[in-house]
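Residue numbers (this note's numbering), protein chains in the order written: chain A, 668 to 1268; chain B, 668 to 1268.
Read the hints as simulated data drawn from the structure, not as lab findings.
Keep in mind the model is a prediction, meaning the values are calculated, not measured.
Where hints are given, some of them may not hold.
Identical copies go unnamed one by one, so any copy, or any two together, can satisfy a pair.
Derived lysine-lysine pairs resembling DSSO-like cross-links, with alpha carbons at most 30 Å apart [said to hold, decoys possible]:
{"no.": "1", "residue 1": "Lys-987", "residue 2": "Lys-1194"}
{"no.": "2", "residue 1": "Lys-1147", "residue 2": "Lys-1038"}
{"no.": "3", "residue 1": "Lys-773", "residue 2": "Lys-1089"}
{"no.": "4", "residue 1": "Lys-989", "residue 2": "Lys-1089"}
{"no.": "5", "residue 1": "Lys-1038", "residue 2": "Lys-1149"}
{"no.": "6", "residue 1": "Lys-915", "residue 2": "Lys-1038"}
{"no.": "7", "residue 1": "Lys-1149", "residue 2": "Lys-834"}
{"no.": "8", "residue 1": "Lys-1147", "residue 2": "Lys-1115"}
{"no.": "9", "residue 1": "Lys-809", "residue 2": "Lys-1214"}
{"no.": "10", "residue 1": "Lys-1034", "residue 2": "Lys-1147"}
{"no.": "11", "residue 1": "Lys-1089", "residue 2": "Lys-915"}
{"no.": "12", "residue 1": "Lys-1232", "residue 2": "Lys-1038"}
{"no.": "13", "residue 1": "Lys-1254", "residue 2": "Lys-817"}
Here's the letter readout for the chains.
2 protein chains.
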Amino acid sequence: MPRAAGTPNPRGRHHRQGQRSAPRRRGVRAVPAAAARTEIIRAQPPAAGRALRIIPLGGQEEVGRNCTVFEYGNDIVVLDVGLQFPEEDMPGIDYIIPNISYLKGKESRIRGVILSHGHLDHIGAVPHILPQLGWPPVYGSKLTLALVRKRLEEGRLAHHLRAHEIKSTRDQLQLGSLRVNFFDVTHSIMDAIGVIVSTPDIAAIHMGDWRYDLEPVAGRPTDFSHLNRFNTRRRPTILMMESLGSTKEGHQGSEREVYANLRRLIVNAPGRIIIATFSSMLERVGQIIGIAEGLGKKVALDGFSMKTNVEIGKRIGYLKFKPTTVVDISRIHSYPADRVIVICTGAQGEDRAVLMRIASGEHRYLKIEPKDTVVFSSSVIPGNERAIQRLKDTLYRQGAEVYHKEIMDVHTGGHAFIEDIKLLLLQIRPRYLMPVYANHYLLREAAKVATSIGFPGEDIFVLDNGNVLEAGARGVRILKEKIPTDYVFVDGLGVGDISHVVLRDRQMMSEDGMIVVIATVDRRRGKLVHNPDLISRGFVHMKENRKLIEQTRDRVKQMFAGNLKDLDENYYKDQIRNEVGEFLYSKTQRRPMVLPVIIQV
Amino acid sequence: MPRAAGTPNPRGRHHRQGQRSAPRRRGVRAVPAAAARTEIIRAQPPAAGRALRIIPLGGQEEVGRNCTVFEYGNDIVVLDVGLQFPEEDMPGIDYIIPNISYLKGKESRIRGVILSHGHLDHIGAVPHILPQLGWPPVYGSKLTLALVRKRLEEGRLAHHLRAHEIKSTRDQLQLGSLRVNFFDVTHSIMDAIGVIVSTPDIAAIHMGDWRYDLEPVAGRPTDFSHLNRFNTRRRPTILMMESLGSTKEGHQGSEREVYANLRRLIVNAPGRIIIATFSSMLERVGQIIGIAEGLGKKVALDGFSMKTNVEIGKRIGYLKFKPTTVVDISRIHSYPADRVIVICTGAQGEDRAVLMRIASGEHRYLKIEPKDTVVFSSSVIPGNERAIQRLKDTLYRQGAEVYHKEIMDVHTGGHAFIEDIKLLLLQIRPRYLMPVYANHYLLREAAKVATSIGFPGEDIFVLDNGNVLEAGARGVRILKEKIPTDYVFVDGLGVGDISHVVLRDRQMMSEDGMIVVIATVDRRRGKLVHNPDLISRGFVHMKENRKLIEQTRDRVKQMFAGNLKDLDENYYKDQIRNEVGEFLYSKTQRRPMVLPVIIQV
């Protein structure tokens, strides 16, 4: 396909021409540390000509339940086992986990589960999925594994975990016939990694969740030079690129600016400063504690996950601070207001989280005072807009000075924007592109970004959940095969036991409530024993609608006026459902669920 | 209060100094048309020294149910009677209307209801409120009144309407002792007006909903020179400023750019073009039809409100097009694809609206074909984010080329941004400022914008719903008085009959469902007639949980094992509620609503 002169070619030219890769191949071999760390799980000579199958079980049609299966011959590697938070039409559901029915019966072939980083949409389903997979070995970096362990401990499952820490991005794993390499990635949680899964024919580079930060405050930026050291030049590469920011113009902001703004707010705050952020943003929490130490202020942490995560960060050596800097939230009144910083959870407007309790005066030790400064150092997760608006209203009403992303850069997200995507494509120059980890329309937009800089559209593959991408010596294609990926709902202790029928009933009852109509029939005498009983909830206020209730009762009585010997229960139940339903609709234009019960005595 | 040199004074200097207003006063008198059009409802000599009471019944703590009472001596004028769409914690509610209990018993003192423009959050409650107020005269511009009439017709109430059209912004009304003037305002619907309510002591300038557009495509921009002609220089002014965009940097975008982008999309579309927008944006609909005529394309309209509103626009002469340009949606297949434009509703991802039906293949005449272009010429109303994401996913999946505000300026909103607010304050130079028509935190942010350009904070009044602002010769203050503004829910035919108890029940049932436990007791024999009946919905799938149901039934049987002669129903009901509730929670960690029923036969 001819390319316009001057258009940069974002793909690896070497592959197209099939040459020039030899010197780089030697470069890979020249890293002995990598080979030394190789952990052989089960070596198998790779059968040339076999194809790598890439199967996203989740994360291709939503933000969440990220889970991708790499299958090559007899070997399976799973990347990420995340959860998805429920949509509005799933009332009562705690969360959704990946559907792993494809892996049933294949447990013995699973060589490992790799976790790209510690966010819940990447690790949240471990307590449900790992037992089902027979506890395969789990690979992840230090913080990721610590968070996985914490999550498993909640269900007393941690002793099953067979964890293997990725200590350096020079680690290399041989998982069956699949070779797996890693590289550092900048994201909104520490210790995020990208993964390269290779066969002799192709290398799949998966970014995990990623962004660029050319001047990070701490930590290591995405390591592209390292990527080049690997064998990605030896064989065609397919870039699996998280694409959540594919409609956002420009580059993602720099964490350094956030740091500077937070510092300025803390320095200038006339009284206490309360900073709400994600408990997983340990790096930022660490920065705030650092600023506090520099200014001689005290930090109080609040929120269960905030306290646990900081504890983990301290234990694994990622957070370092003087023991006297962090004080218990109950002791903050022992210090002058302008010496106190509170770091807490609840920036999404969650009902019972710390910030909401502070705002509404229900917090045990803290309520808003006029000189308080409150900072939302967080983004708005879609679906939480109105809850956050309400929380802001309450805080402003208490007289706090409030800062949020709308009015100052006090947060940057963890995801790459359009210009970042272009830069990545030009740096990695993959042969194929597969946008991942976002809603379908964002995957399409990522594809458009790629084609806008000359990436050939026919080499971009936008998969749905359950699609199979086959990548082998002869190229890449989406198979016709479709793996089941129906929702698996977690609700309380139940996993997968909530059906669409149950959800539909919940929705119906939440719209217009329900009414139970109980007719007790004397079988012998063939008539009602007494007046029908009506029980209703969520429909109308019963006490204020006596007349409506009486009229309804009369209707039911009329239905049962005839001889009820040998009555056909189903016929009468249908009658009740239809007549009562219609009658109530005509009177109220509401459609409560009508539940008829006939009791024969 | 000293002001820094060079700081612009955004308030009326003349008032501060109390002079220089005479020449302008003559300017007002020099407009005879205004006087000629004055409609005297009930002239009353204004009693000097009385204070104007400004009471927002809605719109100060939310976006919606806008309604403001102006009360002066014996005279009451109401501005806007809008509805508010329900929050997530109000399942099943259709909408919320202003609480007008303050006006009960004062109906005869209401001199008029003024409607600033035809959006539902300003006129939507007319079918409920106007009858309760005894059908006072209603003032509004042509399109506004046409939309009010349409809304009343839906409830067969239109014949009650006593409508008075504001024909020109030089119209002046004397409503009792209140003088009312009008001025043109740019907003996202045609015919929007601002209102000046004056007493001898003060003039309240209410912007309605407003924005600047220095280069509108059609229509008249906000008329500030006109504002100056009024008597706002004769007495102190209080600016009631809608503040929805008070956290948005810069100026609101120009409609001209939207026009240019839409035109470009229409010209370049390879096939059909489907544009979803708000049905109230008649101006934009008119522009699209104009573009179509220029290019020789046909336009099909779909969606009930879209068709009705275009019909209204045509009837009142605001939309002009050749009768052959607009074709019925059923006929679009008679034209080549690249000659067809569809304008429809459903840009908010509403379930049954046209665009969703097109996307999901359920539309009678239209389904997405690969060369279709779909344009969301609309903003995202908070709360609809995820529904819109799903709709976009579906459209992209069908292969449509989709354009939305994220990727191109195909919509501008109707609200002013930060720089617009500054400009307005400098142009009007009010003595006092009262931010209105937005969430509380946005009102506070508007106040911050004002103080940032030197407006004295003590002259800014941020009211809640039900607060009373008293504005008289001696100044302006918020009274301690608080008018009731509790929610009035509309649900089907019920207005105000849904209580928080009903809503809480709906929410409970939507979370974990419910279970009805029916124990039928033989009074004479003192024992259960047969096994207890259990009916459950939204809790677990009954068929798949037989064991759990049986265990629950056994528990209930045990409770009723003793002698049941003269049983205390309430005691047993409490027992069932507690024991069954706890048992089910221990087994499932769900808390269905437990409804005990005891039937004695």
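Now for the hints, and whether the structure bears them out:
{"no.": "1", "hint": "Lys-987 with Lys-1194", "verdict": "neither (79 Å within a copy, 69 Å between copies)"}
{"no.": "2", "hint": "Lys-1147 with Lys-1038", "verdict": "between (63 Å within a copy, 24 Å between copies)"}
{"no.": "3", "hint": "Lys-773 with Lys-1089", "verdict": "neither (38 Å within a copy, 66 Å between copies)"}
{"no.": "4", "hint": "Lys-989 with Lys-1089", "verdict": "neither (43 Å within a copy, 47 Å between copies)"}
{"no.": "5", "hint": "Lys-1038 with Lys-1149", "verdict": "between (59 Å within a copy, 26 Å between copies)"}
{"no.": "6", "hint": "Lys-915 with Lys-1038", "verdict": "between (36 Å within a copy, 25 Å between copies)"}
{"no.": "7", "hint": "Lys-1149 with Lys-834", "verdict": "neither (36 Å within a copy, 64 Å between copies)"}
{"no.": "8", "hint": "Lys-1147 with Lys-1115", "verdict": "within (24 Å within a copy, 59 Å between copies)"}
{"no.": "9", "hint": "Lys-809 with Lys-1214", "verdict": "neither (67 Å within a copy, 43 Å between copies)"}
{"no.": "10", "hint": "Lys-1034 with Lys-1147", "verdict": "between (59 Å within a copy, 24 Å between copies)"}
{"no.": "11", "hint": "Lys-1089 with Lys-915", "verdict": "both (12 Å within a copy, 28 Å between copies)"}
{"no.": "12", "hint": "Lys-1232 with Lys-1038", "verdict": "neither (77 Å within a copy, 66 Å between copies)"}
{"no.": "13", "hint": "Lys-1254 with Lys-817", "verdict": "between (55 Å within a copy, 24 Å between copies)"}
Checked against the numbered hints above, the structure breaks hints 1, 3, 4, 7, 9, 12 and satisfies the rest.
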